[in-house]
Amino acid sequence: MLEVERLSVRAGVFRLEEISLTVASGECHAVLGPSGCGKTTLLHSILGVRTPVAGTVRVDGRDVTRWPIERRGLGYVPQHLALFPHLTVRENLWYGLRARGLGGREWSAWMEDLIHATGLKSLLERRPAELSGGERQRAGLVRALATRPRVLLLDEPFAALNETLRRELWWLLHGLQRQYGLTVLLVTHDLGEAYFLAQQVTILWNGRVLQQGEKSTVYRHPIAPVVAEFLGVETLHPGRVLRVEEGLVTVQVGQAQLVAVGPAQVGREVLVSIRAGDVMLLGAGEVLTSARNRLSARVVSIQAGHPLLRVNLDAGFPLAALVTRAAAEELQLEPGRPVQAWIKAPAVHLIPLAGQAGPSLE
Amino acid sequence: MTPPTPGCNPAVGGAKELRPFRPPRLSILAAYAVLSIYAGLILSTLWFLDLGPLQSVARSERTWFAVRLSLGAATVAACLALVCALPAAYALSRHRFAGRSWVDAVLELPMVVSPAALGAMLLMFFSQPIGQWVQEHAVRFVFTVAGVVLAQFVTVLGVAVRLVKTAFDEVPTELETVARTLGAGPRHVFWTVTLPLARRGVLAAFVVAWAKAVGEFGATIMLAGTMALRTETLPIAIYLRLSTADLGGTAALILMLLCLGLGALAVTRQLLGRATHA
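Just so you know, the sequences run in chain order V and A.
In this text, residue positions in the first sequence follow the numbering used here: the first is 1, and each later residue adds one.
In this text, residue positions in the second sequence follow the numbering used here: the first is 363, and each later residue adds one.
Honestly, the hints are just simulated from the structure, not real lab data.
Errors might be hidden in some of the hints.
[Stated by the list, open to error] Label pairs and their in silico Cβ distance ranges: (1) A:R561 to V:H80: 17 to 27 Å; (2) A:G635 to V:R71: 37 to 47 Å; (3) V:G213 to A:F459: 54 to 64 Å.
[Unchecked claim] Which bits of chain V does chain A cover? Going by a derived footprint, with three or more residues having C-beta under 8 Å, they are: (4) 52-65; (5) 84-93; (6) 96-102; (7) 192-198.
[Unchecked claim] Some but not every residue of chain V turned toward chain A, in silico, with C-beta under 8 Å: (8) T40; (9) L47; (10) V49; (11) P78.
Even glycine gets a Cβ: it sits at the ideal position worked out from N, Cα and C.
The following block holds chain A by itself, in its conformation from the complex (with noise of 0.2 Å):
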């Protein structure tokens, strides 16, 4: 029998040797799972990937049209569902009111639907009275650019409020209260303490949110439409291109979907690591 190692307690390890730290064999596995099931729908779409569809899809002007409505649909989309998701979820993490559980509820609506029928909802309040007004008197949504964006908007807003109000819950109340007893007023406070402590969590809700609307497609159909150079997003144009069986373009649209979405994704990642370090 081998002597005890120093710092080993016999009575917990027994006469087995104690080993040293391995982590678990059958997590690691399941994240490679993870890495293999994305890597192989990428590999199968590469498969279809010929070099003529791609350099006709990369020449396309219309291509372009859809790569920049996508992108700045999403962008204002999601900027739009920050500035409505800072105050409700500011709301809802740090006040009792009638009917919060009523709003912390709905902030669900747009995964439990489904993105195609919130568009299909759309679709139908802009049928009845109300939104037949709004888009007489006020701004045209039905298959237009202002529909692509209200359309990725209100898919996203329940996601960014709810991520939002996470950062939040993160930043101590304690803090809020030394601050007012030191003569900061409530939003002196929110713009000095709470929302620079909740930074990195607003930030990575701005990704997500931003991320989600790039790729957003059921409900932008149902109220924008597939209008070639007006209310063609990425996603829409893949749909169509694989609705003519063009299996090489709708390969070089995707890759062309993904490499903008990854790399927005990891030039943001970026920008949020060095402000949440700064």
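Isolated chain V, as found in the complex (with noise of 0.2 Å):
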């Protein structure tokens, strides 16, 4: 388990300002943020590499925070992997366990899985530099866990390699974690990549925490327009709440009325936010009873994009939706083509605008 608490870290001119974090034992948590939001800092100032100013690191209880790195009892795998360019590939892997003087049956039998399970036997005798990209990662994550880290820490591991390579070497960290219960720190700017593996997301923004919270919350939830955008959320639009009935909100947007959830205040200016993924298109005469919001809208363009078409929408306002080409084809879209644009209440989230906490949207 690894606890961060009110951490502040100063680099230069940049700082990190209290932040705090758990991750819970055999879970993967996310730390998710554009570029110079600080993430790799945090991982350095976890690691021992920067000391900070304030706050406390405690791995499985122990406050480690003035320890020296190697007896921190973290795994690390950094954006560049470090692979040691002049050992081989099993020197590298033997490197920890050398170092700690590990080794016995049971330490060879614990390499033995960890190299059938990433497929790394025929390539012991390499060098990193006759690799492949994916070759490397997997030298890279197998030499980190050989010690058996308490915490594993990953700096956008999988950055440099292309979409395919990526989602296998998810595939192969999901099931690292589930088989041998792995405690891991995801730092990344990769929504994707942070949705597959983690349980946990922490959004960070200019050296400070936005929003935390299990992944699906955050996803469907942000607390905040920047979060908002970060996240991707397709559709962000300008509202006002015009009633709050029974739980129920109908706000303004645009030419349209919207039905969400939540508590609002009437009066009170919102960003609406919708998933394009929540938005279902209809042909006329269909009817989806568990939506409340229909919206009559008309296509604008449909952008081709893989696995999901995105389709652009004037429903009132602008409104996008992810429709499977088959769908598109049966719906028969093409701009100027009238459709049904059916949303769900839950799916409607509401992100107040005036005198919020955090940075606003530009």
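Need the complex rebuilt from these two chains, each delivered in its own frame; the hints are there to steer you.
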């Protein structure tokens, strides 16, 4: 278990301000944020490369804030992996065990297990320069896991790989995490990676934590416009609360009215946030009884994507939807075509605009 | 008009036919100019070489003493310089500490003040109370072989630290961080990661320091003097021969220094090549 409490770090003019996060044992926690938000500085402070000006780092309950790097029991895979270029893959993988003086049958079996799970057996006598990108990643992972660290820290480890290889390694890491109950702190700017691998997410912005929580909660309910923008919410439009009745909120958005769920104040300016995946397009006459919002919309444009198409609509305000190619053909979608857009009330998320804390949407 | 060559962009090349890449002539000429300067100096030395003086120099006990002293003292001085340079350069490369910029600045001192001035400064040091105490209770440096080694050591130390620091700078600190997360202490990381990766630069630093020490003259003559069969190194022997207008003997000694220096450098380069490709 990793606990970071009110950690403040200075790195030149940049500051990390009172960062707190907890990674429970056997859990993967992703720190998400754009480049320069302080992700790597945070990781370096947890590792012990940087000394914090305040706050504590606890590993399995022990305060390691002032401990040297090698005694913290943390595994680390940096962005560029840092495989030792003068050593073979085997020497790289066994470096930690040799440095700690660990050996014997139990450790050999553990290494065999890891090497088998990652398919590195035939590559052991090669040098890192002779490996492909994916092979290097796997070697970096196994080397970090060899000494059975209490927490594994990953700094954008798959950033340099192509999409296919990246997904392959996500599955590998996911499998290893499940199999060995790894506690992982992952730093990334890739939403897909965080969503795939992590259970908990922290959004870091300009050295501060903006939002933290279970991944689907953060994904669906960003608390600030800047978080919504970063998380790639496709529809973000200002609106005003018209009515609040029995937990249902009616909001004026452009020329349309939407029903949302949750507390709100009448007259309050809000930012309406809707995930494109929560918008269902149906033909005329079809009805989705479970959805409270039915909007008559017109297709503005269709963006090709993989595996889904993004349909930009005019529903009295700009609205985006995702459809499969088959659905697009079925509905005969093309610019100018009228469609019905259905959205369930819980999928309409309201972000308060006036008097909100945190950075504002530009 | 000829049809455009596939792969050539007419917008870039215009109507002109694109020429295959040619190395810039001027830079190659400059490289030959460097060679011709040193080759000219060697040839003009050979002009004064006669078989008689060459044989007498080669048979002289005094000459071979100077050769042994030059090579031995230079090797000891370069080894000592490297032993001091490794930790000092590592500290300069990896840590911020009080007075770091001062340490960095004095590395250029031997080059700025000239070896002769450095030798005079050493002589002055051993003429004041602390230096006199060292002379009387520890090691005698003035007009001794130890003085030859010290003069060469002080002259080459700065450049050795500078070159070793450059070698350490080129080793990414991320590798050391990862090694430490794997359980290795700072010393273990230095010996197993930093030094092996910097070995090429460290060996190059040793070679440069050694070559500079073999050819050292100014500081050596100031501190150790010119005593035959005691403190006479090869460069000092050349100076003494020239001062007696014995051009043939001077040319023979220069040729000897040249062969020893270049030969040793060639052998070291071979070893360096093997070490870096191992």
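Okay, the hints, checked on the actual structure:
1. Separated by about 22 Å at the C-beta atoms, R561 of chain A and H80 of chain V satisfy the suggested range of 17 to 27 Å.
2. In this structure, G635 of chain A and R71 of chain V meet the distance hint of 37 to 47 Å, their C-beta atoms being roughly 40 Å apart.
3. Between G213 of chain V and F459 of chain A the CB atoms are about 43 Å apart, so this pair departs from the stated range of 54 to 64 Å.
4. Counting residues of the stretch 52-65 of chain V whose CB lies closer than 8 Å to any CB of chain A gives 0, which falls below the minimum of 3, so the coverage claim is violated.
5. For the stretch 84-93 of chain V, the stated coverage by chain A holds: 3 residues have a C-beta nearer than 8 Å to a C-beta of that chain, and at least 3 were required.
6. A count of 3 residues in the stretch 96-102 of chain V with a Cβ less than 8 Å from any Cβ of chain A is obtained; the coverage claim is therefore met, three being the minimum.
7. Judged by the Cβ-Cβ criterion of 8 Å, the stretch 192-198 of chain V is not covered by chain A as claimed, because only 0 of its residues qualify and three are needed.
8. A hinted interface residue such as T40 of chain V counts as satisfied when its beta carbon comes closer than 8 Å to some beta carbon of chain A; here the least separation is about 10 Å, so the hint is violated.
9. The interface hint given for L47 of chain V is met, as the beta carbon of that residue sits about 6 Å from the closest beta carbon of chain A, less than 8 Å.
10. For V49 of chain V, the interface hint holds, the least distance from its beta-carbon to any beta-carbon of chain A being 6 Å, beneath 8 Å.
11. A hinted interface residue such as P78 of chain V counts as satisfied when its beta carbon comes closer than 8 Å to some beta carbon of chain A; here the least separation is about 5 Å, so the hint holds.
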